[in-house]
Structure formats: structure tokens, C-alpha cells
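> Listed below are the residues making up each chain.
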Amino acid sequence: MSVSEMFAALQGALGQDQDIREEIRKVVQALEQTAREILTLLQGVHQGPGFQHIPKKCQKAREHFGTVRTQMESLKTKFPADQYYVCPGSHTATHRHHWRFVLQRLVFLAAFVVYLESETLVTREAVAEILGIEADRERGFHLDIEDYLSGVLKLASELARLAVNSVTAGDYSRPLRISTFINELDSGFRLLNLKNDSLRKRYDGLKYDVKKIEEVVYDLSIRGLNKEATVGAGGEK
Amino acid sequence: GSGGFRKRKHDNFPHSQRREEKENVTPPSALMASFKSFQLELDTRHDKYERLVKLSRDITIESKRTIFLLHRFTSAPNGEEILSESEVKLDAVRRKIKQVAQELIGEDMYQFHRAISPGLQEYVEAVSFQYFIKTRSLISVEEINKQLVFTAEDREETTNMTSNSCDKQPHTWSLKVTPVDYLLGVADLTGELMRLCISSVGNGDIDTPFELSQFLRQIYDGFTFIGNTGPYEVSKKLYTLKQSLAKVENACYTLKVRGSEIPKHMLADVFSTKTELIDQEEGLP
Chain A
1 MSVSEMFAAL QGALGQDQDI REEIRKVVQA LEQTAREILT LLQGVHQGPG
51 FQHIPKKCQK AREHFGTVRT QMESLKTKFP ADQYYVCPGS HTATHRHHWR
101 FVLQRLVFLA AFVVYLESET LVTREAVAEI LGIEADRERG FHLDIEDYLS
151 GVLKLASELA RLAVNSVTAG DYSRPLRIST FINELDSGFR LLNLKNDSLR
201 KRYDGLKYDV KKIEEVVYDL SIRGLNKEAT VGAGGEK
Chain B
1 GSGGFRKRKH DNFPHSQRRE EKENVTPPSA LMASFKSFQL ELDTRHDKYE
51 RLVKLSRDIT IESKRTIFLL HRFTSAPNGE EILSESEVKL DAVRRKIKQV
101 AQELIGEDMY QFHRAISPGL QEYVEAVSFQ YFIKTRSLIS VEEINKQLVF
151 TAEDREETTN MTSNSCDKQP HTWSLKVTPV DYLLGVADLT GELMRLCISS
201 VGNGDIDTPF ELSQFLRQIY DGFTFIGNTG PYEVSKKLYT LKQSLAKVEN
251 ACYTLKVRGS EIPKHMLADV FSTKTELIDQ EEGLP
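Residue numbers (the UniProt record's numbering), protein chains in the order written: chain A, 1 to 237; chain B, 1 to 285.
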């Protein structure tokens, strides 16, 4: 094979990668659109009257995740299954690089919905199911553990905000529950030995969320408002 | 005296500690359990990555040494010896690559690509340099990958003992150099070829520079054909490639113009001053 033939063949391979990249970009744009819609929907919970409509909003959000699943299906068809981590664009960027951001946001949104519904942390398997993807690498398009953890960290910041706003809306018991949850999450993350990467950077922000929520709980307890909340809860029984 | 004091202090200490421990014992929740498994998963992944980085560094170092060895080829009277020695060295590098391939069994190679890419590029450079010296042509990706198919020699021995079913399917695995790794390696190769050109003139070899300029031009044309379809790193190397090519072309020019006038034994001197001049010119924008 002559030198020019070799380079022509290489160019062909690189050109194909470029086509794949463009296809991926299109689907990712659609996914981003859906993610924004879900986010807008869930943002409603931060406003006073939104607190009463949490179940309804969660249900709506779950309907939107149906769209996400079909979009994920189409993303899966855009490239060979074994090329999840392939690096076409830059030498250091991967196919995954294109959908990473939106995938993390979708994990956050799914985790947020699950938290609002049941006040528990969504498992990796459950998120994968909500998004219509796999939890294991072996079974195809999967949810990478780092993306899952990044999404969970985004949830922590959102809950810090929710704690503040629920006090404003007069719900004094929610911050206490959020505090327990976030503390557990924090001790969970403490178990991990993170490398100096983007996940680590985001994890470094978790302590500020913890601090914020602790401040809210402090403000409530110093005014005796947390007792009121528990008494109120007891009274309901 | 002091012993008693120590003892008293000792008595107080564990007591408070014990109490703390008791308070900390909480039933392991589902969340903590899953984070424990995440810890395991992340640690396994990071460990593998580190092992691959180390292998990659070893591959880089050995490949670099092979290249240095091959540069001695032109000046040495016993060229064959150096070629066979380089073959031995490259075999050692391939054994390292085999270890890399073993690490990557059942993994997605591209997930760890960043760890091994530098080593693979250097290997491509060394192998293609040797191939050029031997055949005066460019090695193809397929050719390189063909040498990176490994069979499990030591594993066969154990499987023979235990079961026969494994024997029917000979266990082989391979590592594929990606097109981009190949391209970056070849781009580095051109730098070595430029050095080869300059040093061969020093040895009074007048044919090699012309051959090299021809070859480099082909590669340069190839890279310009790829242009910006390739990743960013490739276009970055294109600039250095252009400089190397200019250096070789200027060398050929000097040989052509001045070669007939100057006695052969003085050629090296004239040439070395000329290259210095070129270097200075390149410093200007």
C-alpha cells in the first residue's frame, strides 16, 4: 500500500467519526431540550404554592422521562455499542463527552423526582431504568458511575436550596429531613477515594450544601420552630 | 511515680473513646452499603488506570531507547547487528503491550485510552522507524496491529491440566492502535527522519537525504489530505512536520548546489554550518 493510499484510508475512518459525532450532537440537543423542560417543571416546588403540588409535578416529570427514554433509544443507534468511550474529536475527548453533561443533569432530575416522592436516594439501577439505559457496561449503553455520582451531587445543592425555600413557605419539618438525608449522603461520599478530577471538584462543593442546611436547622431550632414542626406532626397523628 | 500517672491517664482515655465508638455504631443503611460498593468500583478503576499509566511510561522509555539505538545504524559498520538488537528491544516493548492488553481484557479499551496513548504513540514511532530503515517505506496500521495479537502461552499450560474445552478455542487477544495514535506516532517519526537525514550527511551519505525528502513529502501530503478531519492534536503536529520537511528540503538543496563544488570529505562541515543558518532563519517570524 502506498503512503497516499494509507492516508486516504485513515481519512475515511476519521471522516466517519465526524459524521457519527454530528449525529450524536443532534440527539443530545433534543435531550437537552427535554431536560430543560423537566427542570422548569420541577423548579415550581421552590415557590410557596408549589409545595402542595409536589406529587402532581413528579407525575408530570415522570411522563417527560418517557420522552427521554425514546431519545436515549435513538442515541444508542447512532454509534456502535462498543464505542461508548471512543475518542473521535479531540484526542482526549470521547463520544461520551458529548452526552456527559446532559446525562448528569438527567440523573439529577431523576434523583430529584425520586427524592420528592419518597425522600430516599435513587439507586443507580433505578436511575438507569428511568432513563431507559443500562446500569452495567456489559449490557450496552450504560450509566457510568461517575456520571451517577455527579448527578447525585447536583441533587445535594438543589436540596440545600429547597431547605431554605421550604422554611419561607412555612414548612419547618422538611429542612430537618433534608438535613438527615444530606448528612448520610455526605458520609457516603466520605467513603470514596476520589481522584483529582471533575467529580472531586463537585464533591468539594458538597460541604457548603451541608453547611447551608445545618444553618437552616440551627435557625429553626434556636427559635423553637423545629419543636413546633414535630409537635405539629405529632398532633396530626 | 510516673508509671502510676501514666496508668491513670490511660484509664481515662479509653473510657471516653469507648463511649464514642458506641455512639457511632449505627445500622448500615442501604445508602451506605451502596456507597461502599461505589468505593470498591472506583478504587478498582483507579488502580487499573495507574497500572496502565506505569506500563505506558515503561513502553515510552523503551521505545525511546530503541529509537536512539536505531540512530546509530547509519554510522555503525555492523548495521545488521543493530537491527537485530532493536528487534529484541521491540519484542520487550511488545511484552509490555501484552500486559496492557491483559489489563484490558473485558474492559472498554477507550475508557483507559488516555492512560496508554502516549506509550502507544512512542511505540508506533519506534516500530515505524525500524520499518523504514529496513524497507524504506511506511508501515501501515494493519501491519502494526498484526504484531499486537497475543496468545496466552502461560495460560495454555494451566488449561491443559484442568479442562480440554478451553483448548478448542485458542485464547488470543489483541490491542489495536487507533488511527489517531498511529497518525500522531507517524508525525513524530518525521522528526526522527529529519535527524536521520542530517546525520547521514555527516557520514558522507549523499543518497539518503534525497530519499528521505521524497518520503517526508509523501507523508506531508498525506497529512494535508487529512487536514482538519483529524483531531486537534494532529493539526498541531502538522506545523512541526512542515518545519522538519523544510529542513530536509533545504539540506537537499544545499547538497545539489554545493555538492559538485566541494570535495566530499568537506561536505559535512559545509553542511553543518548551513543547517545552523537554517535554524536561525526559522527563529524569525
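Do not rely on the hints blindly, as some may be mistaken.
Claimed, not checked - Here's a subset of chain B near chain A, in silico, CB distances under 7 Å, partners left out:
1. L31
2. M32
3. A33
4. Q39
5. E41
6. Y110
7. S140
8. Q218
9. I226
10. T229
As the list claims (entries may be wrong) - Just the calculated beta-carbon pair ranges, DEER-fashion:
11. R36/A <-> S174/B: 17 to 23 Å
12. Q214/B <-> A135/A: 38 to 44 Å
13. K195/A <-> E249/B: 42 to 48 Å
14. P28/B <-> Y218/A: 39 to 45 Å
15. F68/B <-> F101/A: 42 to 48 Å
16. R217/B <-> Q18/A: 50 to 56 Å
17. R161/A <-> P28/B: 54 to 60 Å
18. K134/B <-> E73/A: 46 to 52 Å
19. S157/A <-> R57/B: 36 to 42 Å
These are calculated hints, taken from the structure and not from any lab test. Cβ atoms here follow ideal geometry from the backbone N, Cα and C, with glycine treated the same way.
> Double-check L31/B for me: the hint is only fine if its C-beta lies closer than 7 Å to a C-beta in chain A.
Holds. Min distance 5 Å.
> Okay, S157/A versus R57/B on CB: inside 36 to 42 Å?
holds, 38 Å
> Should the hint that R161/A and P28/B are 54 to 60 Å apart at their CB atoms be regarded as holding?
With Cβ atoms ~29 Å apart, the hint is violated.
> Using Cβ atoms only, decide whether Q39/B comes closer than 7 Å to chain A, and label the hint accordingly.
Holds. Min distance 5 Å.
> Checking hints one by one. Is E41/B an interface residue toward chain A, by the C-beta closer than 7 Å rule?
With a closest approach of 6 Å, the E41/B hint holds.
> Do the numbers back the hint for Y110/B, that is, is its least Cβ distance to chain A under 7 Å?
holds, 4 Å
> Holds or violated: is there a CB of chain A closer than 7 Å to the CB of S140/B?
Hint holds; S140/B Cβ to chain A Cβ min 5 Å, cut 7 Å.
> Assuming the hint says 50 to 56 Å, is it satisfied by the Cβ distance from R217/B to Q18/A or not?
violated, 26 Å
> Is the gap between the beta carbons of K195/A and E249/B within 42 to 48 Å?
holds, 46 Å
> Using the nearest Cβ pair, does M32/B come within less than 7 Å of chain A?
OK, holds: M32/B within 7 Å of chain A, min 6 Å.
> Go ahead and decide if the range 42 to 48 Å is satisfied by the Cβ distance of F68/B to F101/A.
With Cβ atoms ~44 Å apart, the hint holds.
> Against chain A, with CB atoms and a cut of 7 Å, does the hint on T229/B hold up?
holds, 5 Å
The structure does not agree with the numbered hints 3, 11, 12, 14, 16, 17 stated previously, though it agrees with the rest.
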